[in-house]
Structure formats: C-alpha cells, structure tokens
Amino acid sequence: MNGIILFAVLPYIALFSLLLGSIYRYTYSGFQVSSLSSQFLESKQLYFGSRPFHWGIIFIFFGHLTAFLTPRAILAWNKVPLRLYILEITAFAFGIMLLTGLVLLIVRRFKTKRLYEVTSKMDVLVYIILLVQVITGLWIAYFFRWGSSWFAMVLTPYVRSVFAFNPDIIAVVQLPLMVRIHIVSAFIMIGIIPFTRFMHFLVYPFAYLWRPYQLVIWNYKKQRN
Amino acid sequence: MKNIRSQISMVFHLDKCIGCHTCSIACKNIWTDRKGAEYMWWNNVETKPGTGYPSKWENQDAYKGGWEKNGDSLELKGAGKLKGLKTLFHNTHMPTMDNYYEPWNYQYSKLLDSPEMDDQPTAEAVSMITGEKMTPKSGPNWDDDLSGSPIYARNDVNMKDLSPSEKETMFQLERMVMFYLPRICNHCLNPACVAACPSGAFYKRGEDGIVLVNQKQCRGWRMCITACPHKKVYYNWNTGKSEKCILCYPRLETGQVPACMHSCVGRIRYLGVMLYDADRIKEIASCEEKDLLKKQLEIYLDPNDPEVIAAAKACGIADSTIDSAQKSPVWKYVKEWGIALPLHPEFRTLPNLFYVMPLLPAMAQINDDNNYHTASSALWDDMKNPRLPLKYLASIFSAGDVNIVGKILEKLMTVRLHRRAVTVGDLNQNEVNTAMLASGLTPEQADGIYRLTSLARLEERFVIPPAHREEAIEMIEETHIHKGNTGFGFMDRPKRGL
Ligand code: HEM
Ligand code: SF4
Ligand code: SF4
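As they're listed, the protein sequences go chains U and B. Sequential numbering of the first sequence, starting at 1, is according to my numbering. Sequential numbering of the second sequence, starting at 1, is according to my numbering.
FYI, nobody ran anything at the bench for these hints, they're computed from the structure. Among the hints, a few may not be true.
Said to hold, decoys possible - Covered stretches of chain B (in silico footprint by chain U; criterion: 3 or more residues with CB under 8 Å from a CB of chain U, positions within the stretch not fixed):
#1 129-142
#2 146-153
#3 187-194
#4 200-213
#5 233-244
Said to hold, decoys possible - Cross-link-like lysine-lysine pairs, in silico, BS3-like; alpha carbons within 30 Å at most:
#6 U:K111 - B:K495
#7 B:K216 - B:K16
#8 B:K495 - B:K133
#9 B:K295 - B:K64
#10 B:K294 - B:K335
#11 U:K79 - U:K121
#12 U:K111 - B:K335
#13 B:K69 - B:K495
#14 B:K295 - U:K121
#15 B:K137 - B:K69
#16 B:K133 - U:K113
#17 B:K133 - U:K44
#18 B:K282 - B:K83
#19 B:K295 - U:K44
#20 U:K44 - B:K35
#21 B:K282 - U:K113
#22 U:K44 - B:K282
#23 B:K64 - U:K113
#24 B:K137 - B:K110
#25 B:K16 - B:K35
#26 U:K121 - U:K111
#27 B:K327 - B:K69
#28 U:K113 - B:K160
#29 B:K384 - U:K113
#30 B:K282 - U:K111
#31 B:K35 - U:K113
#32 B:K110 - B:K133
#33 B:K2 - B:K35
#34 U:K113 - B:K137
#35 B:K216 - B:K295
#36 U:K44 - B:K335
#37 B:K313 - B:K290
#38 B:K160 - B:K294
#39 U:K121 - B:K216
#40 U:K44 - B:K56
All values reported here derive from a predicted model rather than from experimental measurement. All C-beta atoms in this analysis are idealised placements derived from N, C-alpha and C, irrespective of residue type, glycine included.
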C-alpha cells in the first residue's frame, strides 16, 4: 500500500505540481520569480559554497538524466572495469563537491546575521531536502556498488514506466531503505520546485545566447532593425 | 538611410552645484524609501576629489564595469554571454553592501517611550537590515566636503595619472580644491546594463531612450550591477531584483520635470532632446580611445538641419519631438557651444548626461595680497597654471584629453570676462577680444551661455517633448476603456518570492 502511494501516486503528484505550479507561478506572479541572490549581503562565503554546490549539482543532474535517457550507453561504457571506476569516482567526487558546497551554504546562512532577514521557511525546507538527497545519494554510491550499472537496469525501467503511465513498482519497493528515501525525496523535491527558490533554474536564461546585446522597445511603433 | 532616434539627455552645470543634496532627497522620497532600497541613491552627490559611492566606483580594474575594446570587437569587461553565464552562481566582481554602506535608522521611539530616568534617553543607531545596534562607519555622502582627507581624496581613482608632486600640491592646505559631482544614470546610448542582462529585463525605450528594468522579467542574476561602470544599477536585497533611475518617466510623460532636477536648488540641471544616428553606435563605441569623445559628440545630429529634420520624420519622430530638439538646452551646451562633456567616455557606454566643468576650483587663486585675482590678464594667466590639474579633470570628463578640457575652461573664462566688460565695464576691451579670439566664442554665444547659465527659467532649462502616450494606448485598447484603469489595479506588490 505504502509502496503504491510512494512510488505510483507520489510521482504523479510531483509532476502535476511541477507542471501546473510553475505555469501558474510564472504567469501569475512573474514579479516574484528570481534567484533571490543574497550575494549583495554576503559574498565571500557564497563564493566557496555556491560555485562547488552548483557545478556539483549540475553534473549530478545531467548524470542522472543520461542514465534515464540512454541506459544502454551507460551499460556499454561500464563493460570495461576501468571505465566504470572512472565514471563512479568522478560522479562521487562531484557528489562530495556538492555536499561540501551545500554544507558551506548552510553554515553561511546561520552564521551571517544579515542573511536572517532574507531566509524564509521554504529556504530551510530546501536545505533539508537537498541534504537528505545528497547524503542518501553518496551513501548509496558508497555502499551499494556499482550504482551506475544497477541504476540503469533497475531504476531506469521504473522511471520509464512512470512516464508511460503504467508504473511498475515491483522492483523499487524491494530496494534498500536508503535508495527508497533517495527516490521519495527526489519526488518531493520535484513537487516543491514551483513553491520554493528551486524555481530559479527553470528560468535559466538560454535566450541570452542568441539575443543581440542591445534591446530597444518601442511603445507605439514597430521596431526598425 | 540614417536610423535617427531621439534621446532625453541632460546637462549638469558643476560650477553651480552647492552640494546641498536636495536632489538626492527628492529622489529618495519618491522612489527608494522602501525595504530593500534603503541604501539606494539613484541620485547621489559626491565630493571630488574623493572616492564616491560606492567607494571608488570609477576603478574598473576592481569593479570590471563598462566595455573594453578587444581588437575590432567590443566586449563587456565583467559580464557578457559567456563570462556572464559562467558566473551566475557567484558574480565575481559584484560589489556588496559593504562597498556602499549599511543603512541605519535611529531608535527615535525610545525618546518618547522611555520611562523617567536619571539620564536622558538616547536614540541609538540600528541597522535597517538586521535591526541590531550598529556604529555607522560609512554612508552615501560620507566624504562630503572632505576633499583634503587622506582616506577620501587621496584615494580618488582619477589621481592615477598625476605625478607625485602634482598630487602633493593638490593637497597643500592653501591650494586645496573640491567640487561636487551629482550623478544619476546616464541613460546611455550603448548601455552596458542592457547588454549584460541575461534575462532581457533591461531595455532602452525607443521613443525617448530611457533605460528601464522590467521588474517582472528580472531574475536576480545581477550581471547589470557589475556591468554598469557608473554603478547606477542597484540590487534590491529584499525583492531580489535590480532597480535603477527611471528618469522619473511617469513625470516626464505628463510633462513634469524629473524630481531631482525640479528640486535642484542651484538650478544646475538641464534636460532636453538630442537626435542621434543609431546606426553609428557600434562603430563609435568601439573606436580608438583617443577618438572616443570626439566621435561620441559627432553622433548627435543638428535638429535645425533640414536634411536631419526630413530624415527624422522619415524615421517616425514626431514633429513635437523635433521641435523640442531644436529648443534643447542640451544641444546648446554640448554641441552649439561645446562646453559640456560626458562622464568617463572611456567606459564606452556613450552616456547622455553631460557636465559643464567647474571653473572656480580650477582657476581661483589667491594673489600676494591674500585676495582673489580680479584683473583679467592675471585671470587669463591662471588658465595656464590651474589650481586643479587639468589632467585630473581630463581623467573624469574626457578620457584623458587635456586639450579639450583646457579649451572649455577658456570658453567659460571668456564668458566671465565678456560679462564683466559688459556689466562692470572695468576691463580693457582688447583683452576681452583677445580672449574671445583664443576661445573661439562670439559675443552672442557668450551672452547665450551667460543667459542659459544664470537667468534661464524652468521652461528653458527643461524642454520636455510631449510623450504621445495616447497614441500608444490607442493601439492597445479603446481610450474610453483605458481611461478608467490608468494607474490603478494592475501593479504587483514588490514582494519577495518564495
Ligand atoms: C541551472 C542553472 C542554475 C543557475 C544559473 C543557478 C543560479 C543560482 C543563483 C544566482 C543563486 C543565488 C546565489 C546568491 O545568493 O547569489 C542560486 C542559489 C541557489 N541555487 Fe541555483 N542555480 C542553478 C541550478 C540550481 C539547481 C539545479 C539547484 C538545486 C536543485 C539549485 C539550488 C540552489 C540553492 C539551494 C540556492 C541557495 C543557495 C544559498 O543562498 O544558500 N540551483 N542559484
Ligand atoms: S549609466 Fe545607466 S544606462 Fe548607462 S550602463 Fe549604467 S545603468 Fe545602464
Ligand atoms: S540639488 Fe542641485 S545644487 Fe543641490 S546638490 Fe543636487 S545638483 Fe547640486
């Protein structure tokens, strides 16, 4: 029963919330969507926290994405043990970097008086969920080897079944506790994106890359070149 | 065909600024008296020589503001597509609150609420961020009038090209000089803030060239803060969005003068339209540094030239705007008389706020009897031996071109000599004529400068083109529907996001 709620219902709640929530948030409170940067109040510690945290999480995110999209490529790569080690060690290193950054960010928040004023309850939730996510992730990587291989074999089919609207939870409910926590907290994280500062990476400014530098807006004429 | 646009531009006449900060207060009361904006001074007044606000903002080796020429291309110094997107997580060169100051208030309520005590109650300073007691150590005009001080004047960035002896003479008590430099956003033709914004929240208005931030589209990537070399974009630490001077556009659109200018006690401020050729922006912004100033001044077109008028009309510029451009006091100061210069043209943003340099601090020297020179020949001699090194003024206003700075001071001095000859009549006319010849002014021009500088009334100092908002509105909705909505009901509160 619990298994059904956590692995067959929760993912849909999360996706639903992400989809509708972010559309709502974007359309009806465009004013509020921001990175909510606190660099203006404290810059030095942010440097040592934010950079490793973000580079770490972006690498890990794309790692997971690759495993979901092309499990066969991962398995083929992992056939040679040396390549498997390289992949696992790199991923673990990025995980550690991410954890270090996150801890530094949390310490920074609580150490710096000025930041109290701009720390919301949702920020605390974000820190907690990220901590759970990263710690369980590293735990799994360390104790249940080799994640990159069994992930592709066990979890990818599950995630695909979720997207096919025919969730197959038999394999997931039997996974170790840490793995189940990791999965459930991932769903929660996805679900709360529109209601927290996570919103900021949904508005990543890709369009900047092909936009001309200068922007002129005419009030009552079509713009001439 | 030329791509002609109109730009609201400004002139600040520094000889007239008395450093009263009325402008700053007028602006603060209207626009930035809010949570998250306490530290912002869209208009601020600095004492020069001095370090300004934020401290040493002119030092682009540290702040990385503005553009730099890289071969033939022009790049943002501290932001841009690749540089910017790489450093979103932590903006390397962005100033923090400590570079400005931590805003504070006083616990005035303690004075009233205090129970009876042996000692008088005090109103201590508390931080407007944390609410904790604090000792203010810097403020928006902390260097006010302190131009002799070792911490402010001696750290002025514009002093870098002066020789040690030149610096020392500047700080000798009897030679000490200072002047005030009021600053607002320059609403640049090649704005670094617009170019640096990854979200496209910054834009320049086509009709009047005012540079604005769309608060709904700003995502707090804060690249603009780094990119603006004048540090005239401010980060609201509460809402997580950038804000800047809006040139009081709601006032301008209704024909009113911007608050800082309207309230200006010294009447130093002028505002008017300039027509310019938008196709030349790129070429000019990326030219050699020695040509920058000259070329920028070339971009503005003569509004009385029939060809320019025809071309401007073809580009859709309203007749009323062209009419304003012809009456523009900015055109007179900048082009007709050539006595106003932009601030730091070397930042390559093509700023639209021009300054008439202060003559008195540069020239006034005490003679042997402890009086100021009054004889004309002595005054003219002082031009060659100014109290304020021309190099210093050139570093602020002309990207180091000492000649143009000297030429302008000559013109300003000529106006004085001419007016003295006219009103007091104690000067030898030959001497005045020589000065006229040397500076290239005609008596009519000198009278014109005198008039606009000291007698001009409000509507001569501020020539505001009609905004024609009605045409814009008609394109979107029926005017009778719009009428009921104007100004109400559609604003989002500036609230911090989750
Ligand atoms: C996609 C690209 C991303 C960009 C450009 C980005 C950018 C930013 C920026 C500008 C800040 C504000 C830092 C400051 O205070 O100045 C920030 C903070 C933060 N970001 Fe991201 N981010 C990205 C992806 C992510 C992802 C994927 C996550 C997590 C799942 C994340 C989690 C956070 C958190 C938790 C903070 C708060 C840090 C703190 O203030 O302690 N970000 N991000
Ligand atoms: S001075 Fe104003 S227009 Fe120019 S770069 Fe700075 S903020 Fe932008
Ligand atoms: S109000 Fe006018 S005179 Fe007073 S400080 Fe401002 S610019 Fe100068």
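Taking the hints in turn, this is what the structure says about them:
Residue count for the region 129-142 of chain B with a Cβ under 8 Å from a Cβ of chain U: 3. That meets the three needed, and the coverage hint holds. Here the region 146-153 of chain B counts 0 residues with a CB under 8 Å from a CB of chain U, which misses the bar of 3, and the coverage is violated. Counting residues of the region 187-194 of chain B whose beta carbon lies closer than 8 Å to any beta carbon of chain U gives 3, which meets the minimum of three for the stated coverage. Requiring three or more residues with a Cβ within less than 8 Å of a Cβ of chain U, the coverage given for the region 200-213 of chain B holds, as 7 such residues are present.
Residue count for the region 233-244 of chain B with a Cβ under 8 Å from a Cβ of chain U: 6. That meets the three needed, and the coverage hint holds. Restraint check for K111 (chain U) and K495 (chain B): the C-alpha separation of about 25 Å stays at or below 30 Å, so the hint holds. A hinted pair counts as satisfied when its Cα atoms are at most 30 Å apart, and K216 (chain B) with K16 (chain B) does not qualify at roughly 39 Å. Using a Cα cut-off of 30 Å, the hinted pair K495 (chain B) and K133 (chain B) holds, with the two alpha carbons roughly 26 Å apart.
Note on K295 (chain B) and K64 (chain B): the hinted pairing holds, with a Cα-Cα distance of about 24 Å set against a maximum of 30 Å. With a C-alpha separation of about 11 Å, the suggested pair K294 (chain B) and K335 (chain B) falls inside the 30 Å cut-off, and the hint holds. In summary, the hint linking K79 (chain U) to K121 (chain U) is not supported, as the alpha carbons are separated by about 46 Å, beyond the 30 Å threshold. For the proposed pair K111 (chain U) and K335 (chain B), the alpha carbon gap of about 56 Å is over 30 Å, so the pair is violated.
A hinted pair counts as satisfied when its Cα atoms are at most 30 Å apart, and K69 (chain B) with K495 (chain B) does not qualify at roughly 40 Å. As the CA atoms of K295 (chain B) and K121 (chain U) are separated by approximately 54 Å, the hinted pair breaks the 30 Å bound. Between K137 (chain B) and K69 (chain B) the CA atoms are separated by roughly 38 Å; this puts the pair beyond 30 Å, and the hint is violated. Taking the CA atoms of K133 (chain B) and K113 (chain U), the gap is near 12 Å; set against the 30 Å cutoff, the hint holds.
Straight-line distance between C-alpha atoms of K133 (chain B) and K44 (chain U) comes to about 23 Å, which keeps the hinted pair within the 30 Å bound. For the suggested pair K282 (chain B) and K83 (chain B), the alpha carbons sit about 20 Å apart, so the restraint of at most 30 Å is met. A C-alpha spacing of about 41 Å is found between K295 (chain B) and K44 (chain U), which places the hinted pair above 30 Å, so the restraint is violated. Distance restraint check for K44 (chain U) and K35 (chain B): the Cα-Cα separation of roughly 24 Å lies within the 30 Å cut-off, and the hinted pair is therefore satisfied.
Straight-line distance between C-alpha atoms of K282 (chain B) and K113 (chain U) comes to about 45 Å, which puts the hinted pair past the 30 Å bound. The straight-line distance between the Cα atoms of K44 (chain U) and K282 (chain B) is roughly 36 Å, outside the 30 Å bound, and the hint therefore fails. Distance restraint check for K64 (chain B) and K113 (chain U): the Cα-Cα separation of roughly 29 Å lies within the 30 Å cut-off, and the hinted pair is therefore satisfied. Between the alpha carbons of K137 (chain B) and K110 (chain B) the distance comes to roughly 22 Å, so the proposed pair stays at or under 30 Å and holds.
For the hint pairing K16 (chain B) with K35 (chain B), the CA-to-CA distance comes to about 34 Å; that exceeds 30 Å, so the pair is violated. About 17 Å separates the Cα atoms of K121 (chain U) and K111 (chain U), which keeps this hinted pair within 30 Å; it holds. A hinted pair counts as satisfied when its Cα atoms are at most 30 Å apart, and K327 (chain B) with K69 (chain B) does not qualify at roughly 36 Å. Straight-line distance between C-alpha atoms of K113 (chain U) and K160 (chain B) comes to about 38 Å, which puts the hinted pair past the 30 Å bound.
Taking the CA atoms of K384 (chain B) and K113 (chain U), the gap is near 55 Å; set against the 30 Å cutoff, the hint is violated. For the proposed pair K282 (chain B) and K111 (chain U), the alpha carbon gap of about 47 Å is over 30 Å, so the pair is violated. Pair hint K35 (chain B) plus K113 (chain U) holds up; C-alpha atoms about 17 Å apart against a cutoff of 30 Å. At roughly 13 Å between alpha-carbon atoms, K110 (chain B) and K133 (chain B) fall within 30 Å of each other, so this suggested pair holds.
In summary, the hint linking K2 (chain B) to K35 (chain B) is not supported, as the alpha carbons are separated by about 45 Å, beyond the 30 Å threshold. Only pairs whose Cα atoms come within 30 Å are accepted, and K113 (chain U) paired with K137 (chain B) is accepted, the gap being roughly 18 Å. Proximity of K216 (chain B) to K295 (chain B) is assessed by CA-CA distance (about 36 Å); at most 30 Å being required, the pair is judged violated. With a C-alpha separation of about 47 Å, the suggested pairing of K44 (chain U) with K335 (chain B) is violated against the 30 Å cut-off.
For the given pair, K313 (chain B) sits about 34 Å from K290 (chain B) by alpha-carbon distance, which is inconsistent with the 30 Å threshold. Note on K160 (chain B) and K294 (chain B): the hinted pairing holds, with a Cα-Cα distance of about 23 Å set against a maximum of 30 Å. Annotation: proposed proximity of K121 (chain U) to K216 (chain B) holds, straight-line Cα distance about 23 Å (limit 30 Å). Among the hinted pairs, K44 (chain U) with K56 (chain B) is consistent with the structure: their alpha-carbon atoms are about 20 Å apart, no more than 30 Å.
The earlier numbered hints that this structure contradicts are 2, 7, 11, 12, 13, 14, 15, 19, 21, 22, 25, 27, 28, 29, 30, 33, 35, 36, 37.
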